[in-house]
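Each step along the sequence shown adds one to the number in the numbering used here, with nothing skipped, and position 399 is 446.
To be clear, the hints were calculated from the coordinates, so they are not data collected in a lab.
Think of the CB as a built atom: it goes at the ideal place given N, C-alpha and C, for glycine as much as any other residue.
Keep in mind that the hints are not guaranteed to be accurate.
[Said to hold, decoys possible] Derived Cβ-Cβ restraints for the label pairs, each shown as a range:
hint, residue 1, residue 2, range
1, 430, 283, 47 to 57 Å
2, 141, 426, 49 to 59 Å
3, 309, 332, 29 to 39 Å
4, 58, 317, 12 to 22 Å
5, 238, 415, 21 to 31 Å
6, 189, 277, 20 to 30 Å
7, 224, 127, 22 to 32 Å
8, 155, 73, 48 to 58 Å
9, 324, 160, 43 to 53 Å
10, 277, 73, 54 to 64 Å
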Amino acid sequence: MLFWTILKTALKALTAHKLRAFLAMLGIIIGVGAVISMLAIGAGARQSILARVTAMGTDLLVVRPGQSGFGGVMSGTQVNLTLEDARALLNGVPGIRLVAPVVRGRAQYKYYNRNSNATLIGTSITYFPIRGFEIERGRAFTETEVERAARVAVLGPTTAQDLFGEADPVGETIKLKGVNFRVIGVMKAKGDQGWFNPDDQAIIPYTTAMKQILGRTRANLDEVDLQAEEGQDLEAIIEAATALLRRRHRIPPGMPEDFNIRNQADIIESFTAMSRTLTILLGSIASISLLVGGIGIMNIMLVSVTERTREIGIRKAIGARDRDILQQFLIEAVVMSGVGGLLGAAIGVGTARLIGRFTDFNTCVETFSVVLALSFSATVGIFFGFYPAWRAARLNPIEALRYE
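Produce the complete structure using the sequences and hints provided.
Right under this line is the structure:
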């Protein structure tokens with residue numbers, strides 16, 4: 048039999064039992080739609096994270112305390128970065144443009160009967176350009192205010208909204224852990240970055256934070272932010288900074304550092320790997336429904352072979368070969384999985400767009416994910432349709448003609 052004749056016969060058999068064919072395709076439709084929408088959510092999350100991390104600047108280096116060791120025994124994380132370390136990095140490492148000491152904490156902010164619990168950042172004036180924070184209203188604090196440990200604060204837009212609503216907070220006084228602070232500025236929104244929301248924080252001079260809020264008697268820091276000069280080799284700067292801090296901390300050769308230095312490339316790579324793993328996990332979970340759909344197609348095809356046993360016998364009696372019967376039933380399975388895949392792809396793309404439009408999830412439908420889902424659905428159709436087709440082709444025509 049010619050291929051087109053076989054195809055026409057297969058399509059006619061499917062259209063004769065529309066409901067059965069639709070029910071067989073339903074698992075494939077759901078599976079393909081789920082795979083595409085899940086991959087779109089994963090890809091959108093990856094793009095959002097990369098965009099937000101990149102927006103913080105590719106020339107950013109962050110020095111944080113690590114683990115300290117003695118006699119080969121490692122202890123826990125130690126707060127062993129000091130203001131002197133920050134100054135030494137600025138003056139002793141070529142290629143560094145700006146340095147900002149940073150202390151962190153959580154604090155409750157109060158304005159009359161309104162409260163907000165947000166991140167507290169104590170730092171210097173260089174923190175704003177290093178992190179790319181811009182002032183929307185008011186101003187940032189000055190070097191003089193840092194030296195005097197002034198009680199001034201710059202609020203993130205979310206914190207300002209929680210405390211003041213639509214009113215202008217600049218010039219107003221808030222209580223931070225019971226201490227009065229004058230609001231001198233509000234930053235522009237940067238968006239929630241998943242692990243940290245820069246819009247929900249208050250930034251004050253590090254001298255004020257350490258002495259009056261966090262109660263630190265020693266000049267220990269939670270991190271030191273560095274900004275490299277344009278065009279500098281970040282790896283070379285990291286090596287020089289590592290060597291300088293090892294000398295300052297008197298770390299013997301062969302012992303690990305009691306600090307760690309990361310650049311944006313490391314952070315981007317980490318989040319890319321994490322989001323890729325999440326995407327694969329989501330896609331794998333959704334692909335289970337494709338397998339279930341394939342099993343559904345096989346069951347329907349087996350029922351179809353049983354019901355059409357006499358028809359198969361007649362076709363063989365008038366000259367149809369085993370190969371022709373095999374092709375007919377295999378085409379029926381592939382058509383069901385293919386049509387189901389196309390319908391599922393349309394539903395998956397539509398679902399992903401609706402999720403991106405009406406929720407906080409950013410979605411991105413990639414061509415690769417659509418092609419992958421369709422290819423997988425076609426493979427499922429061939430794999431699960433082969434056994435019923437083979438069984439139909441192996442029927443004895445004499446016994447098939449006797450079947451009632």
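Hint by hint, here is what the structure shows:
The beta-carbon spacing between residue 430 and residue 283, approximately 54 Å, falls within the hinted interval of 47 to 57 Å. Hint check: residue 141 to residue 426, Cβ distance near 57 Å, so the stated range 49 to 59 Å holds. Separated by about 32 Å at the C-beta atoms, residue 309 and residue 332 satisfy the suggested range of 29 to 39 Å. A hinted range of 12 to 22 Å for the beta carbons of residue 58 and residue 317 is inconsistent with their spacing of about 51 Å.
Distance hint check: the CB atoms of residue 238 and residue 415 are about 27 Å apart, consistent with the given range 21 to 31 Å. Our hint of 20 to 30 Å for residue 189 and residue 277 holds, since their Cβ atoms are close to 26 Å apart. For the pair residue 224 and residue 127, the supplied restraint of 22 to 32 Å holds, since their beta-carbon distance comes to about 25 Å. For residue 155 and residue 73, the Cβ-Cβ distance of about 53 Å falls inside the hinted range of 48 to 58 Å, so the restraint holds.
About 45 Å separates the C-beta atoms of residue 324 and residue 160, a value consistent with the hinted range of 43 to 53 Å. At about 57 Å, the CB distance of residue 277 to residue 73 agrees with the hint of 54 to 64 Å.
Hint 4 from the list above is the single one not met by this structure.
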